[in-house]
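**Student:** Whenever a hint applies, use it, and build me the whole structure from the sequences.
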Amino acid sequence: MSLLSAGAVRERAHRLLAIGLEDRLPSFRIHLDRMDSTAELVVETTRQAYPSLAVPFHSRWRHFSLNGVDRWTRLADQIAWQEPAARARAEFDLAMVSVFLDAGAGPSWRYRDPVTGSAIGRSEGLGLASLAMFTAGTFSSDPRQPLRADADALADLSVEDLARGMQISDANPLVGIDGRVNLLRSLGRLLASKPAVFGRCDTPRPGGLFDRLVSLAEDRRLPAPTILSELLRELGPIWPSRLVLGEVPLGDCWKHPMLTTDDATSQLMPLHKLSQWLAYSLIEPLQNAGIAVTDIDGLTGLAEYRNGGLFIDNGVLTFRDEGDAYREHDVASPLVVEWRGLTVALLDRVADDVRRRLGLDANALPLAKILEGGTWAAGRRLARERRADASPPVKIISDGTVF
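In our numbering, the protein residues as written are 61 to 463.
Hint data in this document are derived by calculation from the structure and do not stem from the laboratory. Heads up, a few of these hints could be off.
Each pair of labels, with its calculated beta carbon distance range [what the hints assert, rightly or not]: (1) G177 with E307: 46 to 52 Å; (2) D130 with L420: 21 to 27 Å; (3) R89 with R280: 43 to 49 Å; (4) D381 with D355: 38 to 44 Å; (5) N423 with S275: 22 to 28 Å; (6) K455 with E143: 31 to 37 Å; (7) G375 with R417: 14 to 20 Å; (8) R260 with E307: 40 to 46 Å; (9) R84 with E143: 51 to 57 Å; (10) T263 with T176: 31 to 37 Å; (11) V175 with D93: 18 to 24 Å.
C-beta atoms are modelled at their ideal positions from N, C-alpha and C, and glycine is treated no differently.
**Tutor:** As structure tokens, then:
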């Protein structure tokens with residue numbers, strides 16, 4: 061299926077941008093004269109966080125650290141793993157479960173870290189909470205092996221399990237809890253139904269995908285877009301019922317009226333945000349296990365509200381109808397699809413400008429590092445400056461499975 065690839069996301073996003081540059085989009089106008097200041101803000105933000113420009117990849121692993129302590133690495137380094145692959149499978153388990161819990165938490169929810177007492181919201185809080193649940197064995201059906209996730213435990217996960225781990229209460233509400241639980245349950249059922257993919261060396265588990273990807277690596281080299289393609293093909297059925305084409309579920313793919321083609325994919329805009337976030341997050345476990353991941357820039361920028369908010373808050377994108385800034389929008393609405401598609405294309409343009417300003421090429425500063433350095437951090441910074449609750453500039457109705 062052609063839409064189940066990073067290449068399809070990039071191609072259609074740039075097509076949407078081209079239409080926007082002709083001022084023919086229904087929801088947004090584009091102001092390229094604001095791109096210079098946007099790139100400069102990204103450079104400034106990157107230098108503040110990483111003065112030596114030794115920027116790590118944008119991935120879930122960044123959210124398992126607090127106050128300079130990498131909690132997963134500290135724990136994992138103390139384990140006597142039987143082989144590097146055993147640790148990689150555990151890291152695949154952790155990354156998949158944590159990423160699938162990582163859709164927007166809403167402005168009110170906080171995770172109170174039992175170690176430091178800090179109250180941490182949004183993606184960082186979700187990351188620490190999911191790590192604590194993982195290390196406690198919440199996602200494992202074997203009490204003797206807590207540091208894992210498996211099909212049985214995921215399929216039986218309850219709302220109460222997640223509410224307890226995420227510290228959810230009436231006073232601490234989390235957006236989309238039912239959607240998150242249903243997603244992990246669906247993951248568990250799917251893992252059990254595909255033992256040839258996910259159960260090669262063990263009971264079916266997310267980490268079984270590590271062995272599948274290793275089998276696809278030629279001379280222990282694996283292109284990053286292959287990681288995404290495998291995720292989309294193997295995990296596609298877990299997503300809530302949305303668009304289906306030829307009996308193939310399309311996942312994070314939506315309709316936009318301007319993207320017309322002469323085939324069955326007309327008006328479809330693939331984005332695959334959580335799947336790409338997961339693909340980025342699987343690179344480091346593969347590398348640590350001796351697999352060279354190539355063509356990392358073959359993946360795209362992430363169509364989420366921090367990157368997208370950067371372009372609205374810095375004036376690159378403006379609402380055609382100013383009232384849209386105050387209305388709530390469903391994730392399937394043409395406005396949200398347009399915003400997210402433009403975000404992907406504009407991230408490519410910003411990345412080129414950031415590299416030029418820093419005198420680095422794509423090998424030294426791939427898109428994954430620009431996102432981390434970077435566009436995501438700058439988007440969050442502007443949101444904090446402009447809105448008391450640091451919410452995105454587009455009001456989104458979310459079910460906890462998209463952003």
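**Student:** Could you see if the CB distance from N423 to S275 stays within 22 to 28 Å?
**Tutor:** holds (27 Å)
**Student:** Using the C-beta atoms of R260 and E307, is the stated range 40 to 46 Å upheld?
**Tutor:** With a Cβ separation near 26 Å, R260 and E307 fall outside 40 to 46 Å, so the hint is violated.
**Student:** Is it true that V175 and D93 lie within 18 to 24 Å of each other by Cβ?
**Tutor:** violated (47 Å)
**Student:** Could you see if the CB distance from R89 to R280 stays within 43 to 49 Å?
**Tutor:** Holds, at about 48 Å.
**Student:** Within 46 to 52 Å or not, the Cβ separation of G177 and E307?
**Tutor:** For G177 and E307 the Cβ distance comes to about 51 Å; the hint holds.
**Student:** Starting from the range 31 to 37 Å, see whether the pair K455 and E143 falls in it by beta-carbon distance.
**Tutor:** violated (48 Å)
**Student:** Does the Cβ pair G375, R417 satisfy 14 to 20 Å?
**Tutor:** Holds: the Cβ-Cβ distance is about 19 Å, inside 14 to 20 Å.
**Student:** I want to verify a distance hint. Is the separation of the beta carbons of T263 and T176 within 31 to 37 Å?
**Tutor:** Given range 31 to 37 Å: holds, Cβ gap about 35 Å.
**Student:** Quick check on a hinted range of 51 to 57 Å for R84 and E143, using CB atoms only.
**Tutor:** holds (56 Å)
**Student:** Is 21 to 27 Å a correct range for the gap between the Cβ atoms of D130 and L420?
**Tutor:** Distance hint for D130, L420 holds at roughly 25 Å.
**Student:** Okay, D381 versus D355 on CB: inside 38 to 44 Å?
**Tutor:** This hint holds: roughly 40 Å between Cβ atoms.
In summary, the numbered hints that this structure violates are 6, 8, 11.
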